[in-house]
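Working from the sequences, and respecting the hints, build out all of it.
2 protein chains.
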Amino acid sequence: MTPKIARFLTQHQPATPCLVLDVDRVEENFRALRDALPLARIYYAVKANPARQVLRRLVGLSSHFDAAGIEEVEACLDAGALPSAISFGNTIKKVSAIQRAHRAGVTMFAFDSREELEKLARNAPGARVYCRILVENAGADWPLSRKFGTTIESARELMLLAGDMGLDPFGLSFHVGSQQTTTQAYELAIGKVAMLFTDLTNAGVNLRMMNLGGGFPTRYRDEVPEIDRFGDAIMNAMTAHFGNNLPDMAIEPGRYIVGDAGLVQAEVVLVSQRDKNDPVRWVYLDIGRFGGLAETEGESIRYRIKTSHDGSATGPVAIAGPTCDGADILYEKSNYRLPLALTSGDRVELLAAGAYVTTYCSTGFNGFAPLAEHYV
Amino acid sequence: MTPKIARFLTQHQPATPCLVLDVDRVEENFRALRDALPLARIYYAVKANPARQVLRRLVGLSSHFDAAGIEEVEACLDAGALPSAISFGNTIKKVSAIQRAHRAGVTMFAFDSREELEKLARNAPGARVYCRILVENAGADWPLSRKFGTTIESARELMLLAGDMGLDPFGLSFHVGSQQTTTQAYELAIGKVAMLFTDLTNAGVNLRMMNLGGGFPTRYRDEVPEIDRFGDAIMNAMTAHFGNNLPDMAIEPGRYIVGDAGLVQAEVVLVSQRDKNDPVRWVYLDIGRFGGLAETEGESIRYRIKTSHDGSATGPVAIAGPTCDGADILYEKSNYRLPLALTSGDRVELLAAGAYVTTYCSTGFNGFAPLAEHYV
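Residue numbers (our numbering), protein chains in the order written: chain A, 1 to 376; chain B, 1 to 376.
Among these hints, one or two may not hold up.
Intra- or inter-copy, both count: the list cannot distinguish identical chains.
The calculated DSS-like cross-link candidates involving lysine-lysine, where the alpha carbons are at most 30 angstroms apart (straight line), are [unchecked claim]:
(1) Lys192 to Lys4
(2) Lys192 to Lys333
(3) Lys192 to Lys276
(4) Lys306 to Lys192
(5) Lys4 to Lys276
(6) Lys4 to Lys333
(7) Lys276 to Lys333
Source of the hints: derived by calculation from the structure; they are not laboratory data.
This is the structure in structure tokens:
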């Protein structure tokens with residue numbers, strides 16, 4: 001918790017649940033990542049937190065932006081980003097979204113299928129396109145599955161085709177999965193994609209960019225490697241493959257930039273021991289999987305939880321949200337422990353919850369209002 | 001698809017994705033359920049679809065209401081429901097929510113723990129309370145897990161205590177899980193809970209209500225038993241236990257009332273064969289798990305999908321949503337097949353999607369706007 005957030009909570013006692021995010025920390029994280037990878041251009045993954053305050057601060061730092069949808073493109077433009085600083089990174093785009101982005105001056109688009117390439121050729125002629133390659137997501141707490149990316153063979157074919165279709169075959173991309181906790185995932189992916197890069201260059205394609213995706217982790221309950229280690233591993237892998245002749249490098253951090261800049265303050269609604277013979281207490285918060293903590297699905301993202309009783313005796317707990325939905329359980333199997341003194345009405349903080357909470361939350365499931373947001 | 005919905009779609013060509021719901025069908029379903037269980041009082045589970053048009057129609061039919069949160073209580077009152085027709089059915093309630101409901105005249109509350117009972121005694125003195133018992137959820141497509149309900153032993157203790165605390169120990173409840181496809185689940189649960197009911201009555205507690213919960217299924221991809229079969233099974237089980245001396249019966253249908261009254265119309269954003277050696281095409285829609293189809297988590301609820309190419313040759317597909325989230329996959333393992341002619345820009349309908357879509361959807365993940373709603 002940053003001093004500014006602590007002060008805000010003390011002075012304002014905001015209604016819970018709410019996100020409180022320190023925009024200065026966003027800047028610190030941006031600078032730390034730039035220091036760790038000075039040769040890479042940072043495209044902030046807007047979906048992690050599209051708040052205007054975050055976007056404006058990043059515009060001031062000359063960040064680039066990775067937009068997942070046309071509304072995110074427009075939010076970046078509204079916040080002062082230049083169209084040339086925006087990459088439309090979703091490989092699945094409506095024709096109308098491509099047209100709107102193209103009209104707005106966006107010139108860089110992702111794709112991973114022939115069908116999408118054809119849509120781009122028709123609706124954003126001349127655009128710089130980059131093809132997403134499917135790579136291993138081992139080591140990621142929030143892997144990206146088979147939904148995105150194509151094979152090396154298919155990517156090669158499509159990139160050769162792109163030029164014939166009047167597009168600019170600009171680069172290749174991959175994504176090692178979100179909250180990626182091993183540097184090796186990047187090394188392996190770079191090795192795979194760099195070979196195709198060289199192969200296509202030799203075939204006469206004027207490739208200029210390697211987009212290394214995002215995935216850089218935030219520290220939740222478990223330790224993660226420092227960002228410098230990712231920077232070193234990536235640069236070593238890139239120079240091993242390209243030597244002095246490095247292509248442009250792009251990265252798409254989201255979680256790393258905003259994750260630990262924010263916390264969610266919540267209220268304990270109920271603590272109950274469901275079975276006298278079971279020491280596990282059930283702790284129900286006023287926020288759950290449908291109120292913003294969607295990434296607790298499968299107990300994937302395990303937030304650290306701070307209480308005012310920290311330091312006193314603890315016992316095992318299951319933690320659940322406030323809705324009538326049986327799926328609205330945050331942690332039942334992750335061996336959480338909370339103070340025995342914890343009781344209904346207490347406030348708790350879920351730390352490093354600045355990413356993927358505000359826009360994931362439901363519009364009003366069980367009548368609960370969307371998560372309130374405070375930027376300090 | 002009802003004729004009114006078909007007409008609306010033809011005449012208005014609404015922007016997708018959207019829910020279109022025929023309120024007349026809501027009334028038909030309400031009447032069918034009332035006919036199947038004439039002795040049961042229907043508490044509509046507002047969380048299934050809290051639209052004002054639905055609530056007002058049901059108020060006109062003298063329905064009662066099961067509210068999961070204080071905002072739902074207030075939505076019912078706004079729609080014209082009497083406070084006496086509202087049950088605050090969430091066993092996990094903030095003190096402030098209990099106070100607001102009590103002040104609004106609501107007199108019936110659920111609980112399943114001593115802590116919640118104490119909150120009710122302090123903040124809604126004199127209220128009618130009912131205790132939720134944990135029962136088996138086998139046979140349910142959307143089971144409710146260990147999150148709710150207590151044991152017979154604990155319920156007995158708490159109901160005896162309720163009177164001493166100045167509350168009215170009104171009844172017992174259970175829930176067999178949502179989209180429950182077997183009548184046996186109700187029979188088993190009634191058997192278990194009715195024994196406690198009789199036991200408590202013999203102990204001098206003035207119990208008057210058995211709340212049988214919801215769970216009544218809508219027909220999705222697979223057939224489900226007719227509602228009359230549930231009605232018969234429930235009445236047989238109730239009379240087997242209580243004879244002529246039946247307590248008040250309450251049921252809390254949500255999905256059954258609104259499910260098949262609505263459909264979601266979506267647009268195909270992309271069809272791509274990700275691997276030449278794999279016949280599975282990936283079909284990306286403009287709605288996914290974060291846009292309202294949350295119940296496709298784990299492929300639990302399997303919607304029927306209608307296309308304009310129906311009747312032509314089909315092939316295997318995986319179906320995914322439009323966001324950059326790898327978890328945003330609807331069906332990968334459920335052996336869906338869709339027409340080979342299906343292509344980007346086509347409209348499709350997800351049938352019987354009137355329940356649990358509008359309020360589950362995210363406020364703006366990846367920038368996508370919440371699901372549009374049309375009531376006809």
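Going down the list of hints, with the structure as the test:
| no. | hint | result |
| --- | --- | --- |
| 1 | Lys192 to Lys4 | neither (44 angstroms within a copy, 54 angstroms between copies) |
| 2 | Lys192 to Lys333 | between (36 angstroms within a copy, 29 angstroms between copies) |
| 3 | Lys192 to Lys276 | between (55 angstroms within a copy, 20 angstroms between copies) |
| 4 | Lys306 to Lys192 | neither (42 angstroms within a copy, 41 angstroms between copies) |
| 5 | Lys4 to Lys276 | neither (42 angstroms within a copy, 54 angstroms between copies) |
| 6 | Lys4 to Lys333 | neither (34 angstroms within a copy, 47 angstroms between copies) |
| 7 | Lys276 to Lys333 | within (19 angstroms within a copy, 40 angstroms between copies) |
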